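Number of protein chains: 2
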Amino acid sequence: MVDILHRVGIKAPLNEVYKALTTREGLAAWWTNDTQGESKVGGVLNFRFRAPDGSELGGFEMKVLELHPGERVLWQVVDGPAEWIGTKISWDLRQEDDYCLVHFKHLDWKEPVEFMHHCSTKWAIFLMSLKSLLETGKGSPSPNDVKIDSWN
Amino acid sequence: MVDILHRVGIKAPLNEVYKALTTREGLAAWWTNDTQGESKVGGVLNFRFRAPDGSELGGFEMKVLELHPGERVLWQVVDGPAEWIGTKISWDLRQEDDYCLVHFKHLDWKEPVEFMHHCSTKWAIFLMSLKSLLETGKGSPSPNDVKIDSWN
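For the record, the sequence lines run as chains A and B.
Our numbering numbers the first residue of the first sequence as 25 and each following residue consecutively.
Our numbering numbers the first residue of the second sequence as 25 and each following residue consecutively.
None of these hints come from the bench; they were simulated from the model.
Do not rely on the hints blindly, as some may be mistaken.
For chains that are exact copies, the list does not tell them apart, and a pair is met inside one copy or across any two.
[Unchecked claim] Pairs of lysine-lysine, DSS-like flavour, derived with a Cα cap of 25 Å:
(1) 43 x 162
(2) 129 x 112
(3) 87 x 35
(4) 134 x 35
None of the values given here were measured: they were computed from a predicted structure.
Make the full structure from the sequences, and use the hints.
Below, the structure written as structure tokens:
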């Protein structure tokens, strides 16, 4: 099993960061405009992605496993690309000086496939979108996300 | 042992990307302005980093282990932060349609420490700097790199 790990520090109140990870409006403002479902334990969030020309690229369905306000969020992928199904995504937050530190983990990939390399870089880009949303009021969610390669 | 993995696609000739990874001028234009040493097998490259106020943050010394023109570069860290020493950094390039695909690996971290999470995100930022250098002529090397947290 292999993991994608990231860390960003966001100059914003911890509870605002938590809200951006646990409300449909928050998630839609930094990850993908097309976010459906409900962020409650046992609920399923549905994230769909489109190319700049409007064609659908696919998406992910995440079951919400844990919600600890201001501290931690844990999702499990229940639908999406084969490599993602069964993997878990955790968000751990803590305050340090002016920063809300976000520790991100996309856990339990079966193999370090090429697609995992892509997703690792892309997660960093979306974490910077989350940071920008909280610090400036404006994220870069799909379909207006920063493109990193031919896979978007 | 744990690894940082990334992938970016760069719309540029493969040999130009290879040059940006294997010349002092190229490396200085996307990673850190203060790059010394020689990119030859057995040689050592010295990368120093400064904060925006000019104070030195530290740096890395890399021994060049492999150079395969247009294909692959392999470094080993011989000096720098304790967690980096002994780790290896590989760059594998291949052409696919309009893109030079760059597969990046920072291999053999002993533990998935918090600093590794930071470095994973920061590598993605520098890979976007490399992409920008090749596609637009302008990278964002340190000290003008994008800051991601209180560790820079």
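Here is what the structure says about each hint:
no., hint, verdict
1, 43 x 162, "within (15 Å within a copy, 36 Å between copies)"
2, 129 x 112, "both (8 Å within a copy, 22 Å between copies)"
3, 87 x 35, "neither (28 Å within a copy, 37 Å between copies)"
4, 134 x 35, "neither (34 Å within a copy, 30 Å between copies)"
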